[in-house]
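Residue numbers (this note's numbering), protein chains in the order written: chain B, 1 to 513; chain E, 1001 to 1334.
Think of the hints as simulated: they come from the structure by calculation, not from any bench. Cβ atoms here follow ideal geometry from the backbone N, Cα and C, with glycine treated the same way. There may be inaccurate statements among the hints.
[As the list claims (entries may be wrong)] Here are some of the chain B residues that sit facing chain E, going by a computed Cβ distance under 7 Å: (1) 51; (2) 53; (3) 56; (4) 57; (5) 69; (6) 84; (7) 85; (8) 97; (9) 163; (10) 165; (11) 170; (12) 187.
Chain residues, written in single-letter form:
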Amino acid sequence: MLKRFLPAVFVLLGLLVVGLGIASATLWKPSPTVRAVATPVDAGNVVITAPGVLDLVASEVTVRASAPGSRVVLVIGRDSDVAAWAAASPHVLVTGLSSWTRLATDSAPASVPQASASASAADTASPTPSTAPTPSTAADGGASAAATAGSATSAGVAPDPSSSDMWLVQSDGKDAATLTWASRPGRWSALAVSLGTSPTAPELELSWPHSVTTPWLAPAMGVGGALLLLGLGLLALMRVQTRSPALVEAWRSGVRIPAWIGADSAAAVTAAAAPSGGLTRREMRERERAREEAPTVASPGPFARLRASLVTWALRFLPPAAERVAVPTATPATRSMPMPMPMPMPMPMPMPTSPGPATAPTPGPAAAGWSRTAPPVKQSPPTGWSPTAPQVQQSASHSEQPGSHAQQPAPQGENSTPISGRRAAQSGLHAAGRPAMPAPSPTAPRWGAPPPDSPAIPLPPAPVAPAPGAAAHDPQAAGSTRADAWRRAWGFPGIADGTDNATEDVTDKEEGR
Amino acid sequence: MSIRRRLTSAAIVGIVGLLLASCAAGLPLAHPDPAPAVPPPALDAKQVSTVLAGLGAVLKVADATNDPAPLAARLSGPALASRTAEYLVSAKLADPSVRTELPVGSQTVIAPDTNTWPRAVVVVTEQPQNLQSPRVLTLVQDDPRSPYRLWGWARLLPDTKMPRTAAPAAGSKPLPPDAPGLVLTPEEVVAQYADMLAKGDVSTFAPSFAPDVFHKQIETTLAATKTGLTQGLGTAASVTETYQPGPGELYSFSTLDGGALVIAGMTTTTSLTLSGGKIEFQNDVAALLGTTTVSSSAVFVWSDVLVFSVPPKGSSELIQVLAAEHVRTAITGS
Chain B
1 MLKRFLPAVF VLLGLLVVGL GIASATLWKP SPTVRAVATP VDAGNVVITA PGVLDLVASE
61 VTVRASAPGS RVVLVIGRDS DVAAWAAASP HVLVTGLSSW TRLATDSAPA SVPQASASAS
121 AADTASPTPS TAPTPSTAAD GGASAAATAG SATSAGVAPD PSSSDMWLVQ SDGKDAATLT
181 WASRPGRWSA LAVSLGTSPT APELELSWPH SVTTPWLAPA MGVGGALLLL GLGLLALMRV
241 QTRSPALVEA WRSGVRIPAW IGADSAAAVT AAAAPSGGLT RREMRERERA REEAPTVASP
301 GPFARLRASL VTWALRFLPP AAERVAVPTA TPATRSMPMP MPMPMPMPMP MPTSPGPATA
361 PTPGPAAAGW SRTAPPVKQS PPTGWSPTAP QVQQSASHSE QPGSHAQQPA PQGENSTPIS
421 GRRAAQSGLH AAGRPAMPAP SPTAPRWGAP PPDSPAIPLP PAPVAPAPGA AAHDPQAAGS
481 TRADAWRRAW GFPGIADGTD NATEDVTDKE EGR
Chain E
1001 MSIRRRLTSA AIVGIVGLLL ASCAAGLPLA HPDPAPAVPP PALDAKQVST VLAGLGAVLK
1061 VADATNDPAP LAARLSGPAL ASRTAEYLVS AKLADPSVRT ELPVGSQTVI APDTNTWPRA
1121 VVVVTEQPQN LQSPRVLTLV QDDPRSPYRL WGWARLLPDT KMPRTAAPAA GSKPLPPDAP
1181 GLVLTPEEVV AQYADMLAKG DVSTFAPSFA PDVFHKQIET TLAATKTGLT QGLGTAASVT
1241 ETYQPGPGEL YSFSTLDGGA LVIAGMTTTT SLTLSGGKIE FQNDVAALLG TTTVSSSAVF
1301 VWSDVLVFSV PPKGSSELIQ VLAAEHVRTA ITGS
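Model the full assembly from the supplied sequences, consistent with the hints where possible.
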């Protein structure tokens, strides 16, 4: 039972991995900046950074100091200058990162006697009003005194540093100040001072641009894609191998044929389900009945439409041979595509000369059709199949898999029969693969059945080189009639007798899509 | 089938692993450049320009009104005293030319490699517009929260050449007053030069110093004063002059040849003593004195700035006075 769901599991896993990969490069892409904040501690109105903090994450940093309600001065200078300047006041020292969003801080007391600091502040050209009178009792006051006693705190208030000549860059502003700093040789520190009536240490925010890589994208796409391909391949194989009549019936009932195609098409659909090569009289009768019973006005049920589009979408991931070859010929073609891993189920290879174990039953007509098909195709190997390409909806995807294209004719070339080109391959595959299919084939409508209004359908099958050998498939008149009707429905002239069967072959594919 | 199951589980494990791996990354630690054995220059060229521009702005404002009040922002020491006196004279005489012209464009910068205070930067300015010799400006930062202030200026003396010093980007090493490795320590240089000024050629230190214009001017001025007093008052008047190196006013930098550039402050005091008669002063002296005549004594205080080139120890060269300034900052008398 697990075998049934394994492909789906693979597909889901593949989608999951691809999704995760994409998410890692988009949704979960790390922020291009690292932003860390130091909140004010109750230690003066000064915040400085230790040397090395400014280029902690990247060489360019944006420093922002904010203290609502105060004027903020932000400068950067040599670490010794900054430390010496700040030493006269209790201050906060930013030592590094405590997390990716927080700065680690340390409180430092005023290490220089307060008197000298205030004296120098008074000497400056524009001393701030609060710094002028300083109680001498605060001279010995450490951080504890400064932190607890309000008067001591105001005594330790640092003056405006912007008049100093030591800074390399400086910035100031109301409520906040911002500057950017590109790392340079040496040891540098930032100094932020808030200047207000009751200043507290400003909040310091460091932002670094962070070179963001998406290391998981490519691996995830690769792995996920491989899983997806694997699952789809398994899925395709299982469509062939594990089909149940009940499913087929369920599918058939979901397929409707548009009125303008008419009963012929309905019959063709039914016919396509069966091996077109060996219709019995009973089958013919059933076809006739189906034609009569087919609804004349209908459109494909939503389920069928969805199914078809899903399948055609999935077919993008398969080698082009599988895309091109409409069911029922698609079935053997699908088998022929190289699988990423060996499958336990029998895989009859569509070799006309050495049919797989499951293809044994009818080598006769198949071989005949094969060999007769050969000559005309051989003369136009690459272009022999190109006219049929537009019949497939996913013609655009062909170019995406040129390698698969190249592979397709290759096995044919290895055969003793000198056939190359798609047409030959199809007919050969058709013949060889058909016996392997348990009748009735459920895959015919399932794989084919595009929405009847699909633009791909109106393409004429005419360019396909008539394969005289195809006559061996079905000598029955019913097929001829049906194909003729099909052609007429499309506005093409009726078919000559000699090409009936070849056209029917194509028609089968058309209908089967 | 079991193989596939294993494959499936391996894929799931792989995905989970991918997710987990993307979350694990250590916090970076601060890795500053190691603190250099020799501190970098305290100021780079741009900062020196800023300091000089600030000085120029202050001077411009103060010069406009001969008001010394703004000077404190960018001047100190002998420079502040000298400029204040010059403003006084300039205001009284309504003659701006008595002020020393101080250009703030730099020819040469000697930036100190230091982490301590006070620290000094020496700037050799462009030639002033009055075509006097360039000034040697010494700008001093007393402590971390102080600006650089012009501590003193000196005029380059004729026929002198500044010793080669390191580029400002590299910086020059400041030397302590007792720095060894020189023919004389910086403080000895100033003391012995003062002694030589006081005693003249009879000083035991005279052979250490090359003849210089400043010394000659001091001697000439003093001799002229004596002559004038003798002519006018006979023996009733006497004049003495003392030379006192300023305490702590000494800034020294090593030069590329291993010698030193020594900048020193000195106070020259000229005392006139009268036993009779009176002396009448005019112009700038009267302006500083506040009156025109003294009958008993007068004391002239000069603020001097001297710049020496001191050869390294073992050198046969003499100590050379490169630049000097001699500005009357105060006159008292009665």
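Here's how the hints hold up against the structure:
A distance limit of 7 Å between C-beta atoms decides the matter here; for residue 51 of chain B the minimum to chain E is near 4 Å, and the interface restraint holds. Taken as an interface hint, residue 53 of chain B checks out: its beta carbon lies about 5 Å from the nearest beta carbon of chain E, inside 7 Å. A distance limit of 7 Å between C-beta atoms decides the matter here; for residue 56 of chain B the minimum to chain E is near 5 Å, and the interface restraint holds. Among the interface hints, the one on residue 57 of chain B holds; its C-beta lies about 6 Å from the nearest C-beta in chain E, closer than the 7 Å criterion.
Violation of the interface hint for residue 69 of chain B is found here, the shortest Cβ-Cβ separation to chain E being roughly 24 Å, above the 7 Å cut-off. Look at residue 84 of chain B: its Cβ gets to within about 4 Å of chain E, closer than 7 Å, so that hint holds up. Nearest Cβ of chain E to the Cβ of residue 85 of chain B: about 4 Å, under the 7 Å cut. The hint holds. Residue-level restraint check for residue 97 of chain B holds (minimum Cβ-Cβ distance to chain E is 5 Å; threshold 7 Å).
Look at residue 163 of chain B: its Cβ gets to within about 6 Å of chain E, closer than 7 Å, so that hint holds up. Interface hint status for residue 165 of chain B: upheld, as the beta-carbon distance to the closest one in chain E is roughly 5 Å, under 7 Å. With a least beta-carbon distance of about 11 Å to chain E, the hint placing residue 170 of chain B at the interface is violated under the 7 Å criterion. Hint status for residue 187 of chain B: holds, given a least beta-carbon distance of 5 Å to chain E, under 7 Å.
When each numbered hint is compared with the structure, violations occur for hints 5 and 11.
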